[in-house]
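Undergrad: Chain residues, written in single-letter form:
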Amino acid sequence: MTDALLSVRGLEVGFQTDQGLARVLDRVNFEIGHGEIVGLVGESGCGKTTLARAILGVLPKNAVRISAGEVIFEGEDLLKKADHLLEAEVRGRRITFVPQDPFTSFNPVFTIGAQIDELMKYKSPASKAGTGVRFYGGARRRADRAKVIELLRTVQLPDPVGILRKYPHEVSGGQRQRLMIAMALLPEPQLIIADEPTTALDVTIQAQILKLLRRLATERGVSVLFTTHDLGTAYEICDRITVMYAGQEVEVAPTDEFFAAPRHPYTKRLLESLPSREHGIRGIPGSIPRVIDPPRGCRFHPRCDFATAVCTETRPGVTEIGERHMVRCYHPVFSEQEAAE
Amino acid sequence: METARFLLRKLASDRTAAVGALLILLLIVIAIAAPVLATHPEDVFEFHPSERLQGPSAAHFFGTDRMGSDIYSRLLFGARITIAIAVIAVGVSVLVGVPIGLVAGYYRNWVSDALMRVSDIFLAVPQIVLAIAIAQTLGPSIENVILALSATYWPFWARLVYAESRSALNETYVEASIALGASPWRVMVLHVLPNISSAVIVRTTIGMGGTILTAAALGFLGLGPPAPSPEWGRTIAESREFLPEAWWYATAPGLAIFLVVMGFNLLGDGLRDILDPRIRRSRDD
Amino acid sequence: MRTIVLIVNRLAWFVPTVLGLMILTFTISHVIPADPVAYMAGENATREQIEALRHEFGFDRPMYVQLYHYIIGVFQGDFGISLYTQRPISDDLFSRLPATMELTFVAVFLSTVIGIPLGVISAVYRNSLLDHTLRIITVSGLAIASFWLAILFQLLFAMKLGWTPLQGRADGWGPDVVTGIFLIDSVLMWDWEIFQDVVAHMILPALTLSFPAMATIVRFTRAGVLDAINSNYVLYEQAMGVPRRVIIWKYVLRNALIGTVTQIGLIFGILIANGVIVEAVFDWPGLGLYAVKSILQSDYNAIMGFTIVSGVIFIIVNLLVDITHGIIDPREAG
Chain A
23 MTDALLSVRG
33 LEVGFQTDQG
43 LARVLDRVNF
53 EIGHGEIVGL
63 VGESGCGKTT
73 LARAILGVLP
83 KNAVRISAGE
93 VIFEGEDLLK
103 KADHLLEAEV
113 RGRRITFVPQ
123 DPFTSFNPVF
133 TIGAQIDELM
143 KYKSPASKAG
153 TGVRFYGGAR
163 RRADRAKVIE
173 LLRTVQLPDP
183 VGILRKYPHE
193 VSGGQRQRLM
203 IAMALLPEPQ
213 LIIADEPTTA
223 LDVTIQAQIL
233 KLLRRLATER
243 GVSVLFTTHD
253 LGTAYEICDR
263 ITVMYAGQEV
273 EVAPTDEFFA
283 APRHPYTKRL
293 LESLPSREHG
303 IRGIPGSIPR
313 VIDPPRGCRF
323 HPRCDFATAV
333 CTETRPGVTE
343 IGERHMVRCY
353 HPVFSEQEAA
363 E
Chain B
106 METARFLLRK
116 LASDRTAAVG
126 ALLILLLIVI
136 AIAAPVLATH
146 PEDVFEFHPS
156 ERLQGPSAAH
166 FFGTDRMGSD
176 IYSRLLFGAR
186 ITIAIAVIAV
196 GVSVLVGVPI
206 GLVAGYYRNW
216 VSDALMRVSD
226 IFLAVPQIVL
236 AIAIAQTLGP
246 SIENVILALS
256 ATYWPFWARL
266 VYAESRSALN
276 ETYVEASIAL
286 GASPWRVMVL
296 HVLPNISSAV
306 IVRTTIGMGG
316 TILTAAALGF
326 LGLGPPAPSP
336 EWGRTIAESR
346 EFLPEAWWYA
356 TAPGLAIFLV
366 VMGFNLLGDG
376 LRDILDPRIR
386 RSRDD
Chain C
728 MRTIVLIVNR
738 LAWFVPTVLG
748 LMILTFTISH
758 VIPADPVAYM
768 AGENATREQI
778 EALRHEFGFD
788 RPMYVQLYHY
798 IIGVFQGDFG
808 ISLYTQRPIS
818 DDLFSRLPAT
828 MELTFVAVFL
838 STVIGIPLGV
848 ISAVYRNSLL
858 DHTLRIITVS
868 GLAIASFWLA
878 ILFQLLFAMK
888 LGWTPLQGRA
898 DGWGPDVVTG
908 IFLIDSVLMW
918 DWEIFQDVVA
928 HMILPALTLS
938 FPAMATIVRF
948 TRAGVLDAIN
958 SNYVLYEQAM
968 GVPRRVIIWK
978 YVLRNALIGT
988 VTQIGLIFGI
998 LIANGVIVEA
1008 VFDWPGLGLY
1018 AVKSILQSDY
1028 NAIMGFTIVS
1038 GVIFIIVNLL
1048 VDITHGIIDP
1058 REAG
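Keeping their order, the protein sequence lines are chains A, B and C. Quick note on our numbering: the first sequence kicks off at 23 and runs consecutively. Quick note on our numbering: the second sequence kicks off at 106 and runs consecutively. Quick note on our numbering: the third sequence kicks off at 728 and runs consecutively.
I should point out that these hints are in silico values taken from the structure, not numbers from a laboratory. Just so you know, not all the hints are guaranteed correct.
What the hints assert, rightly or not - Pairs of lysine-lysine, DSSO-like flavour, derived with a Cα cap of 30 Å:
no.	chain 1	residue 1	chain 2	residue 2
1	A	143	A	83
2	A	188	C	977
3	A	169	C	977
4	A	143	A	188
5	C	977	A	103
6	A	150	C	977
7	A	169	A	83
8	A	150	A	103
9	A	169	A	143
10	A	83	A	102
11	A	83	C	977
12	A	103	A	188
13	A	150	A	102
14	A	103	A	83
15	A	169	A	233
16	A	188	A	169
17	C	1020	A	143
18	A	233	A	188
All chains, full assembly: derive it from the sequences and hints.
TA: Have a look at this one:
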């Protein structure tokens, strides 16, 4: 994609642990276009959260080692940008965040309104990026407040004024996540990074939140990076899906094509593992590799039915299959039907 | 045996805890081998006024005190007193307080409420204040110090075990075993006790340090074993009138107290990191 | 409304606890092996004289009657007569209270003003040289006997260096007494020399007293800040680009301090306990010194009076801490 909003290329991230260097991301490529909702799908520990945090630049500094790669956002490599500039211009302004657990992501001893105010103080579109805010008051504050109330109504929160006076533990989980979505939209960002935003919610609420997020994002032309381990939720709102396995991205496809014609053996297995009436429950034999000493080459090869020698040596390059559908595999899978054609 | 070996290995890897353990070992060795290690073992009872208040030398490592006795030797024998007081006082309070806490935690009736109220009253006053009151009425002696310390320490254990039991009893597997008809005794000893044991062990170790400080304070105030006991707190009190010239007289016993208490504190911290890693890991990592 | 319920709730326990304390001290004071009446009567008293004295003091009445009168007496501020000075103990106690209060408050001030920022910095720059140094100092601080530290300070600063006076609260009479708090009184007198003198006398005792408290505060603040720094809300604030200094000094600190405030009760206990010792070493004319002198004179009533007063102060402080915690932590009542 030539005019991608965000383009991650060859990102290699490791964590220093007691047992050695954990190679969490292995030269990952990833892209999001303007106004696009991209799902980042994978099991726990595959590196999707690390990727999200790497983009934001909020990985723990003393333990993390970024050894290669670039994160190009609107033409600028975020990895090379000074941290104080990232903090002032990018985070909470052009890229915002919706966390996984809205309960612990709110500060428990401050009111919701106080925390939103703080955000608007530094990140409101009416303020200039990077200006030290000494005094926050007057007309701008009132205007911001009005915007907040309006947005809270848009995310379907009843009684926006009242909710601002409450403490986080006094509202429900679904309401908290709506608040998070609102807070992510307030600075009018170009990209929202939503890290498993519905995992902590009741199933009945999940669908509501997903629909809400999708509607607001498309209305405002905001791109969304949506990580999840649940394929169902990815199907709900994503335009495109990237699958990750053990720190490597293995397949990228538009949603429909992803579910209809997956090519990577892992993707296929993943889709097959969804319980179905015909096949019951099927798992994937084997287990996720440790990232301290991961398998060489394609990290899925120990569990792959189609692995050959080359898979154990070098990681497959990108193979384009149709428009905007890419796979990294030496033996992409085609169904018998297609093979017969 | 498995757990003991695991424990030892972990202790060795945590440097500060290992230092603590070594200090305690040193204390025990000194206390046991005092008669052998002392250069002037008879100085615990005898005195030589002609040699009083001499500075540190080859003959007297830490100098001599106001009676001419060798401070080094008296210090070594003082270690015995320190250990005795600490172990017995803490031991008694644990042996009294833990069962009380268990019982109070298990039963939810007026008895457990009453027990906790009584504990609260004891805990409403800083330990040393009550200990002073008790030790003073009974008179200065090592037994009375131990009694005073035990009497004011057991409520701490009762409260601690009570709180931990309550949360342990809320665990589902305990509820299950009660539903299956396990007797109260069985529940308390087999289920609750192992769960709270790590908290008790950690606090016991750290409590030793605190008890030694309180005991030394009582000795300093004159409420501990009377002269000519080589108790460390008392020795420091004796040294005061001879300062600043006889600086070694006050420094040596104080240093001894410091090293011993440090040892227990470090060991206790290390044990806490090992035994309770899930609880408050960030506390002292 | 919530606060009022909270306060009433906590206050309900105040009276029974104090009552229980009095029963406890009464019980202790009646375990005396020696006979205080015989002691008071003197060596040459006859049996009749001793019995007469006993009757006069009411020591021949049944235990529970004596207990009843004792409690009534205490509630009226009557702690009995000092066996040594023959003056009302309450007079002795309350005349010495300001000195102890002043010392304690200065110690609290020092420990928090120095301790809290050190704890924050220690946590933020975790595992740095400063952090390790501080941790060694705080661990040591909790292992040093207060009386030894006091003597070492005296040895170094007063005896060898001569920077501060050796002991006492002031040279001579000190400032004219208005509040009983010498620091304030000397300012009210507008006398710079007396003020300097008062401060010079206060430095060593205050430092000695605050040392273990400061160590505790640094440790707890450090732990609280570390907990907060590793929390999800800090991650969220970071991800949303809230300035780092705002995160630490506003959001992290507030959460960490809530934990520290609850420890103030613990710290007060340390200060009262060590106060006795520090006052004894520095000859500081407060409650602690009074207690020590009473010990040496076997003045049982005075000791009991001291126990009750310091106990009540401790209970009140914990009560206030409890209530404060309930107010500042919105999760409490919810």
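Undergrad: Next, verify each hint and record whether it holds.
TA: Now the hints, each set against the structure:
1. 143(A) - 83(A): holds, 26 Å
2. 188(A) - 977(C): Distance of about 19 Å is within 30 Å: holds.
3. 169(A) - 977(C): holds, 25 Å
4. 143(A) - 188(A): Holds - the C-alpha atoms of residue 188(A) and residue 143(A) are around 19 Å apart, at most 30 Å.
5. 977(C) - 103(A): Given that 30 Å is the threshold and the Cα spacing comes to 26 Å, the pair holds.
6. 150(A) - 977(C): Satisfied, since the Cα-Cα distance of roughly 22 Å is no more than 30 Å.
7. 169(A) - 83(A): violated, 35 Å
8. 150(A) - 103(A): It holds: about 19 Å lies between the C-alpha atoms, which stays within 30 Å.
9. 169(A) - 143(A): Status holds; Cα separation ~13 Å.
10. 83(A) - 102(A): holds, 14 Å
11. 83(A) - 977(C): holds, 22 Å
12. 103(A) - 188(A): violated, 37 Å
13. 150(A) - 102(A): holds, 22 Å
14. 103(A) - 83(A): Holds, at roughly 15 Å.
15. 169(A) - 233(A): The given pair, whose Cα atoms are some 22 Å apart, holds under the 30 Å limit.
16. 188(A) - 169(A): Answer holds: residue 188(A) to residue 169(A) is near 19 Å, not above 30 Å.
17. 1020(C) - 143(A): Violated, at about 61 Å.
18. 233(A) - 188(A): holds, 26 Å
Hints 7, 12 and 17 from the earlier list are contradicted by this structure; the remaining hints agree with it.
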